[in-house]
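Heads up: the protein sequence lines correspond to chains A and B, in order.
Counted from 1, the first sequence has number 13 at position 13 by our numbering; the numbering is strictly sequential.
Counted from 1, the second sequence has number 145 at position 145 by our numbering; the numbering is strictly sequential.
Heads up, none of these hints are tricks.
Since copy identity is lost for identical chains, a pair holds within one copy or between any two.
Cross-link-like lysine-lysine pairs, in silico, DSS-like; alpha carbons within 30 Å at most:
| hint | residue 1 | residue 2 |
| --- | --- | --- |
| 1 | Lys39 | Lys153 |
| 2 | Lys231 | Lys150 |
| 3 | Lys104 | Lys35 |
| 4 | Lys150 | Lys35 |
| 5 | Lys24 | Lys150 |
| 6 | Lys43 | Lys104 |
| 7 | Lys103 | Lys228 |
| 8 | Lys13 | Lys221 |
| 9 | Lys200 | Lys104 |
| 10 | Lys153 | Lys35 |
| 11 | Lys186 | Lys200 |
| 12 | Lys231 | Lys104 |
| 13 | Lys208 | Lys104 |
| 14 | Lys216 | Lys43 |
| 15 | Lys200 | Lys24 |
| 16 | Lys35 | Lys231 |
| 17 | Lys103 | Lys231 |
| 18 | Lys13 | Lys24 |
| 19 | Lys39 | Lys150 |
| 20 | Lys41 | Lys150 |
| 21 | Lys24 | Lys231 |
| 22 | Lys200 | Lys231 |
| 23 | Lys43 | Lys193 |
| 24 | Lys13 | Lys200 |
| 25 | Lys230 | Lys35 |
| 26 | Lys104 | Lys216 |
| 27 | Lys24 | Lys230 |
| 28 | Lys228 | Lys216 |
| 29 | Lys43 | Lys103 |
For the record, the hints were derived by calculation from the structure and aren't laboratory data.
Protein chains: 2
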Amino acid sequence: MNFVNDIIGAELKIFEKKFAESVKSETTSLDMIMKYIIKRKGKQLRPMFVFLSAKLHGEINESTYRAAALVELLHTATLVHDDVVDDSLERRGFFSINALWNKKIAVLVGDYLLSKGLLLATSNNDFRHLHILSDAVKQMSEGELLQLQKSRKLNLNEAIYFEIIRCKTASLLSSACAIGAYSTSKDETITEKMKLFGEKVGIAFQIKDDLFDYGKADIGKPTGNDIKEKKLTLPLFIP
Amino acid sequence: MNFVNDIIGAELKIFEKKFAESVKSETTSLDMIMKYIIKRKGKQLRPMFVFLSAKLHGEINESTYRAAALVELLHTATLVHDDVVDDSLERRGFFSINALWNKKIAVLVGDYLLSKGLLLATSNNDFRHLHILSDAVKQMSEGELLQLQKSRKLNLNEAIYFEIIRCKTASLLSSACAIGAYSTSKDETITEKMKLFGEKVGIAFQIKDDLFDYGKADIGKPTGNDIKEKKLTLPLFIP
Numbered sequence: 001m002n003f004v005n006d007i008i009g010a011e012l013k014i015f016e017k018k019f020a021e022s023v024k025s026e027t028t029s030l031d032m033i034m035k036y037i038i039k040r041k042g043k044q045l046r047p048m049f050v051f052l053s054a055k056l057h058g059e060i061n062e063s064t065y066r067a068a069a070l071v072e073l074l075h076t077a078t079l080v081h082d083d084v085v086d087d088s089l090e091r092r093g094f095f096s097i098n099a100l101w102n103k104k105i106a107v108l109v110g111d112y113l114l115s116k117g118l119l120l121a122t123s124n125n126d127f128r129h130l131h132i133l134s135d136a137v138k139q140m141s142e143g144e145l146l147q148l149q150k151s152r153k154l155n156l157n158e159a160i161y162f163e164i165i166r167c168k169t170a171s172l173l174s175s176a177c178a179i180g181a182y183s184t185s186k187d188e189t190i191t192e193k194m195k196l197f198g199e200k201v202g203i204a205f206q207i208k209d210d211l212f213d214y215g216k217a218d219i220g221k222p223t224g225n226d227i228k229e230k231k232l233t234l235p236l237f238i239p
Numbered sequence: 001m002n003f004v005n006d007i008i009g010a011e012l013k014i015f016e017k018k019f020a021e022s023v024k025s026e027t028t029s030l031d032m033i034m035k036y037i038i039k040r041k042g043k044q045l046r047p048m049f050v051f052l053s054a055k056l057h058g059e060i061n062e063s064t065y066r067a068a069a070l071v072e073l074l075h076t077a078t079l080v081h082d083d084v085v086d087d088s089l090e091r092r093g094f095f096s097i098n099a100l101w102n103k104k105i106a107v108l109v110g111d112y113l114l115s116k117g118l119l120l121a122t123s124n125n126d127f128r129h130l131h132i133l134s135d136a137v138k139q140m141s142e143g144e145l146l147q148l149q150k151s152r153k154l155n156l157n158e159a160i161y162f163e164i165i166r167c168k169t170a171s172l173l174s175s176a177c178a179i180g181a182y183s184t185s186k187d188e189t190i191t192e193k194m195k196l197f198g199e200k201v202g203i204a205f206q207i208k209d210d211l212f213d214y215g216k217a218d219i220g221k222p223t224g225n226d227i228k229e230k231k232l233t234l235p236l237f238i239p
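Let the sequences and hints guide you as you build the complete structure.
Quick look at the structure:
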């Protein structure tokens with residue numbers, strides 16, 4: 001993604017430092033785990049969307065950096081908790097927190113990351129950001145639960161499929177675009193538009209991910225999992 | 001606790017309805033789990049502290065009810081997640097969410113409760129409440145992690161014991177008193193004092209709980225667990 005680097009490469013570098021700063025802890029064992037989490041960081045897709053959406057509408061500022069950190073903290077907390085639930089031992093080519101430490105520690109680490117995000121936002125009066133993101137968290141859990149409910153009964157159709165991926169995947173990306181745009185524009189109409197934009201991108205992303213699950217291409221992770229887990233995705237609704 | 005009923009009985013009744021309202025979901029399966037959670041409600045100690053602290057400094061109002069709901073939502077989310085981590089099948093004489101449904105659903109339900117709390121606060125501009133409670137969540141996870149770290153190495157002393165119980169138990173009760181008082185007084189000095197009061201109560205509560213673990217009295221839950229889990233508590237530091 002070299003073109004992204006041209007536009008927001010400098011900001012992403014600064015962000016990395018700020019993010020590491022934001023998760024520090026005085027509890028030694030916790031600080032060690034935080035260092036590990038920072039080391040195995042992913043593509044940082046969500047912060048990227050925050051910065052790109054922000055730059056589109058004004059000058060990137062401190063509240064943009066906090067918005068990016070908030071999204072990434074929330075996202076990381078979710079991943080750490082996901083690995084506990086799925087008993088996954090690996091994440092991004094590194095051991096998971098539950099594998100290296102244990103389940104209990106992993107859940108607490110997730111809670112810690114979440115609280116750090118909340119404190120970062122409430123300490124700086126980023127209430128608009130917090131509201132947008134709380135709604136995303138609600139939608140994510142509702143979407144996942146809807147998917148579990150439907151996969152048990154196998155009574156899914158295309159409309160419900162789109163509702164599920166809108167909630168569970170698109171809502172966070174949508175929020176990332178919204179708070180990025182809000183951080184530089186402070187304009188509700190722009191924020192709403194960027195929220196919709198992020199939603200479409202998120203939906204497209206998930207469709208692609210679901211299609212790949214039925215293919216044989218090397219996509220950097222195992223395929224064929226959806227059908228094993230009885231997750232009905234788009235390919236099954238195409239006549 | 002009849003004297004409590006005399007003072008805030010009416011408020012607790014109203015609260016029950018408001019709380020049930022605040023966790024409703026349009027996702028059928030989720031709404032069913034919410035009804036179950038409401039049915040097996042506990043002593044509601046934290047909402048009680050919110051209402052008592054509030055009434056001490058003014059007229060109980062809508063923001064007091066939201067403060068009580070926020071604390072209870074956070075507390076319930078924590079309990080649901082705790083049962084997943086500890087593989088507990090029972091809670092308050094009812095089956096746990098992970099026992100009746102499964103681990104994955106239980107983690108999502110915890111996240112949902114948390115997001116509902118955040119939305120309730122951000123939708124109503126209860127930012128002071130949110131800030132106080134985020135700090136409690138951070139302290140709770142840090143306290144638990146410190147305890148795990150120390151129980152592995154068995155190098156605890158009385159000072160660290162008090163630091164642990166201040167974080168993991170007292171911080172939430174302390175926040176409950178603080179936001180209750182703030183909701184009616186809007187006075188930072190009073191809020192700070194009530195926070196300290198709640199902290200002392202929380203510490204006293206945990207000391208009693210830890211002492212009972214070494215006794216044979218019927219306290220409504222099993223005893224002798226701390227020593228099994230290598231948790232060093234106060235009785236071991238008394239010469």
